[in-house]
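Assemble chain B onto chain A, guided by the hints.
Same order as they appear, the protein sequences are chains A and B.
Just so we're aligned, residue 29 is where the first sequence starts under the numbering used here, counting upward by one.
Just so we're aligned, residue 144 is where the second sequence starts under the numbering used here, counting upward by one.
Please keep in mind that the hints were generated in silico from the structure rather than gathered at the bench.
Model, not experiment: these values are computed from the prediction.
Straight-line Cα separation of at most 27 angstroms, DSSO-like style, residue types lysine-lysine; simulated pairs:
id : chain 1 : residue 1 : chain 2 : residue 2
1  : A       : 76        : B       : 181
2  : B       : 208       : A       : 76
3  : A       : 830       : A       : 817
Here is what each chain is made of, one letter per residue.
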Amino acid sequence: MNEKISPPRLAERFLTYFLRRDLAEEVRGDLAEKFYVDLVKKSPFKAKINYWYQVVNYIRPFAIKKSTTTNINSLDMFQSYFKIGWRSLSKQRMYSAIKIGGFALGIASCLLIALFIKDELNYDQSYPDGDRIFRVVQAYNYMGESGKDVWFQAPFAKAVKDDYPEIEKAGRYNSSELFGAGSKEIRRADKIENTYEEGFVYVDQQLLDILRLPFVYGNPSKALSEPHTIVITKRKADKYFPLEDPVGKAFILNNDEKNPFKIGGVIEDFPATSHLQYDFLMTMTGVEFWDHEQSDWGATNYPTYVLLKPGADPDQLAKKMQGVVDKYLLPMWLKNGMPNAKEMTKAGWFELQPVKDIHLRSEGIADPVAHGDIRFVWLFGAVAAFILLIAMINFINLSTAKSANRAKEVGLRKTVGSLRVNIINQFLTESLIYSFFSFVVGVFLTWLLLPYFNLLSAKSIPFPWNEWQLFPVLIISALVVGILAGLYPAFYLSSFNPAAVMKGNVSRGSKSATLRSSLVVFQFTTSVVLIISTFVIYRQVEYILNKKVGFDKDQVILIQGTNTLDKKLKPFKDALRQLSQVKTVTISDYLPIRGTKRNGNGFWNEGKDNVDHSIGAQIWRVDYDYIKTMGMNIVDGRNFSENMASDSSGIIINQTMAKKLGLIDPVGKRIQNNRVWNVVGVVEDFHFESLRDQIGPLCFVLGNNSNIISVKVNTSSMSSVIQSIDGLWKKFSPNQPIRFTFLNESFARMYDDVQRMGRIFISAAGLAIIVACLGLFALSAFMAEQRSKEISIRLVLGASLKTIFNMLTFNFLKLVLISILFAIPIAWYAMHNWLQNFTYRTEITWDVFAIAGALSVLIALLTISYQSIRAAFVNPAENLKTE
Amino acid sequence: MIETRLGEFEEVILLLAGILGEQAYAFKIAEEFESQTKRSVSIGAVHSSLTRLEEKGFLKSEMGKSTAERGGRRKRIYTITAYGKKTLAAARDFRQSLWDQYPGFATSKFSFGH
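So that you can see chain B by itself, here it is in the shape it has in the complex:
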């Protein structure tokens, strides 16, 4: 198997970080995760995953501005790296190639009407 070094949860977090852009910090990503997947998640779990992704080089981060809702505390904004994007694309392509090789699913799709 190709080493994508991405778990399912990690892949979703990475994608969400890319989607959220300027607003990609732990709390927002967790909120977004919950609203998109209807699965509950703790901020800690998301944060843990973000840290791991950063260690692997898929993300980079820097401290952003402080806002009043946070009691004047700053937030850490995550941005996806080029390597991260490449890995996401590779993961998607790999999965696509698997789908393409999957005859049952492909056939059933076409023969559904019979």
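The following block holds chain A by itself, in its conformation from the complex:
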């Protein structure tokens, strides 16, 4: 027998780990005996292997420690953790409320923003062939001017489909008001009362085939193949044809009784997460907006979509599509005598944009749909993360600060045999309790706030109760967040040396003061950055809304849908003018607000059309009263005059146009597009697009419109004016309710997105500062509590209230001041970049920082001083009598 070799120790340890205690002696004896017998017969290695084999073979139900006993034990421990956690939570109501409340706020804002982001990412994800659907984008870069847009020539779609076999289908739509899309007066063919509806668009049958929109009624493949057919959404079908199948029935649009539109089908409403949002899809079949319009390669009005054959490479196809320019456009340009035709073919190129990218990744592409911005998604995500981080910091700060109060508990636990693991578990359990509470409150808050958030973000997100992922995701997040937030406190608290703690020289939570201070600085830096950003965004919004825009947008009422008045339009205008409150009246569809008519043309100085590069300018058809009604200024020459018959070929240009054409003294000069015009006047530049853009060239000519009547009134009591206008309208148009807006409101709506961003930021900044202040409040309460004896002694020895107040406040104020120093450069950099989006922008002046800084100091001061004053006013005897 070899005395030196003993059974493998690891196997023995493993055996004792699982073996029932009462069996340990006999079994270890048996196995040892077996081992030594083996050692005689076999090699030590084989004996050891066999020992392992024997050990493993003891893993049998009868020999294993009863698992139920271990379970009960750990369950008991967990119950104890839970009980202690619950006690400490309910013992310190204020701290618990602040921890949970702050956490819940952070979670709620995170959830809201997560819902927002999810909604944004959901756009256009559900077309059956979504991976093969692309929107054609054309890009150009010529003489330093570059851009991208989505408007193509009418024959473009058919041409690419015929020329490139990779394209299975190609379809177009036309949503331009200029062609009668947009809004209309509508009624069932068997009714006489008109209703105003928006969301009209011209669509190819092919586009329906590409998108494969879900049909409720009708044949999807033939719904729009006949002329004068229309496809409507379910909600409109329910509105006009409740409880019936409307296919085959007809609508009268804009009182045009000769051309009723037959309903070819009913589709499901476009989901909120679709970039296309229309209700009435009118067919393109048989439509020509002017002679040979459908074969005209000179006008671009159609966003075009293609469905590629499976496996086709969109990038390669986009390159090949360059052939369209050489085949169709170059001959036309050469025929028109364009001097730089050859160069132009190289200035542009095509891109194919996946339909799923349209909503978030259309930055820099001009198109007729509203979309989000992937950068906003990231920005909001970051803001949410920061708020959550601030809330988690509160948690960590409060836990470590309160550690002094728990130190004795930890010491005692360790003394009676708690392992470090047990104490870590204890504090992680507590953290999880807080986290789960916070999540419950947070979800409730989210549910409560969602309607307001929807208003704020102009969305209609429902609370996703019925999504199965919701609860697993919430529970996992609660676990992760709870553990993350509890990790530092757990390790910190469990590291206490029991002897030191029990002797009384407790660290009093001051060891971690540096860490706590830096976390507070981080919280306040974030808050101050958000406050400054909010200020700048608001400044910019104010700046835009109050900037001298070159026309007078106040006290102008826009009456819309007046085209149905037909021959009564002129008499209605005259009747309006008779009203005592009305100053002037103009009929024009071209207004300096978004959503009204636009018409671009190339202009040259007379006779230079084959020599110079053309100046692209807006050409707006107006009447004699337009400039007066809009309050625009003539800076040179004169307005159109009814007494001058020659004014039918007169033109008024804006200053930018004069400059671009190189006209120094423009009045009396002659310019041309497809005909020659006499410049009779120059109007001061006014903003007619968003202030993000530079003012472009624009001119007025006389012409007839019929859709919008603008009325300038001379009183600010709008309700009485509207009453009299409405009375007049009823006489002229009894079958159609009046529809009006105010010019200044429509103008403000152009900046909805900026205002929305401002509102979201103000909410985020508010939340961040609230959460940060909650933390500060609790911290200062804690400090006052910690130093209550010191304060009492100071008071007894004659310290003044002021000294005490200063002493308690200054520490925290210092942190806030440091935060402001950090925040200023960060905020300046971020906002400076944001403002680059705007051509006309406000300056970031020092007072923004001063005000934001003062504000945060003030808020912090208010938060702290409550505690400081309370501490200073306490009766010193109270605190000292127990000593």
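Quick look at chain B alone, frame taken from chain A:
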């Protein structure tokens, strides 16, 4: 079938415990099992079976002396109970009665020489 409550393995272990007498503890029984049946068995399996037999009342056990080969640890000695003996006998008798009823085997035995 008569409820003997003894499996084949259990029956062998029970018999071995009876054969070994004073030396009937898990390791020895396992050794004996291996040497008599030429089948390998782990001590754990034997121990498990012994425990079960004790629960059924066929065996009783008590801690014996410690010996140096075992690192000074004591061993658990199993002794067969009267009930155990009775059950073994019943199992044997039952099997015998089955053999007696088995004609093929009985005949072949006698007619082997033909």
